[in-house]
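Participant: Sequence:
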Amino acid sequence: MFSAGSPSPPTPWLWGTGRPVRAGSGHQGPGPLPPRPGRNGTRQSGHPVLLAFDRGLWLCRGADSPASTAQPSSPNSHAAPGPREPERAWTDPGMWGYLSLLPMCLAFWAIAGIWTVFSLAVVNKAVNLTDGFPYISVCGNVPPQSCIFSQVLNVGAASAAWICILRYYQLRDWGVRKWHNQVILWTGLLCALGTSIVGNFQEKNQRPTHLTGAFLAFFVGILYFWLQLFLSWRMKNLPQPGAPWIGPLRLVLCSACFVLEVAMVVLHSWSMRSISAICEWVVAMLLFILFGLLAVDFSRLDGCTLCLQPDSGSLRPPPDSPTSLHVQL
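Heads up: the sequence shown begins at 18 in this note's numbering, then just goes up one per residue.
It should be emphasised that the hints constitute simulated quantities derived from the structure, not laboratory data.
This one's a predicted model, so the numbers in the text were calculated from it and none came from an experiment.
Glycine is no exception: its CB is placed at the ideal position from the N, C-alpha and C atoms.
A hint or two may mislead.
What the hints assert, rightly or not - Derived CB-CB ranges, DEER-like:
1) F232 to R290: 14 to 22 Å
2) Q223 to L118: 33 to 41 Å
3) N171 to G192: 32 to 40 Å
4) W287 to F232: 18 to 26 Å
5) A175 to R224: 21 to 29 Å
6) A175 to N222: 20 to 28 Å
7) L323 to F150: 21 to 29 Å
8) N141 to V279: 31 to 39 Å
Could you put together the complete structure from these sequences and hints?
Facilitator: Listed below in structure tokens is the structure:
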């Protein structure tokens with residue numbers, strides 16, 4: 018299991034409902050949460066097994082968690098729930114969590130690295146600006162800039178994949194349907210894979226493979242952000258992190274990115290290579306900025322926890338070994 022959150026949150030509330038919630042339980046009433054099943058089919062309480070907190074959503078398992086003790090127990094709590102409490106407004110934290118640095122570092126790393134490769138290509142006369150503006154891949158065709166180009170894109174691809182995984186678990190905790198969330202996740206991972214392919218297979222050496230990676234990085238990458246934007250629109254009635262203009266800004270960036278990608282392909286087919294290359298550079302910068310804007314969504318994350326649990330049907334661990342492992346990242 019993996020969860021993103023904080024180990025010591027305030028009173029838990031489901032977004033826009035003003036009610037506590039437990040993951041997978043379907044329980045949203047004001048009464049206590051039912052205890053989870055034990056290993057032998059018995060009902061037992063105990064310490065929480067999985068904790069995830071997103072400054073607005075607290076998910077846990079175990080009857081001793083704060084969500085289960087949010088309100089006193091009564092015999093008729095499930096049969097006759099009390100009056101619904103008023104909805105709690107979204108409040109911005111005074112300081113963002115450290116996970117919000119990951120998208121910002123990715124954007125800074127990628128933008129600075131790509132332009133460093135361009136500068137080295139110009140200095141080493143690998144490209145001639147008098148003949149026209151070069152494509153990004155042309156700048157990273159020959160050493161030493163090809164080595165830096167590969168390293169920049171490999172680190173960027175790994176960071177992008179990690180961001181997509183974090184976003185997947187964040188959306189899962191927000192109640193997004195599993196298959197919707199998985200489609201978004203795999204779209205983002207394909208974008209990261211394409212970025213790595215572009216960096217490792219230079220155009221002059223492996224052109225078909227390089228173009229396949231470019232398609233995944235550019236076209237599947239913008240699809241990832243369109244899906245994120247559509248999901249944000251579907252959840253527009255829920256409090257969203259960040260300022261109100263974040264959504265319209267993403268819409269403008271995604272629209273501009275899509276139009277420029279189409280123009281890039283059309284202009285390349287018309288042999289207007291220099292203008293097509295400029296469109297490619299602008300598209301790359303916009304994609305990096307869109308990844309950087311995910312820092313707004315990650316501002317609600319205080320940390321992440323990796324939880325390893327053995328399968329119930331597996332061999333028994335040694336007597337002194339823990340049955341589960343929690344690692345705070």
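Participant: Checking against the hints above, which ones are violated?
Facilitator: 7
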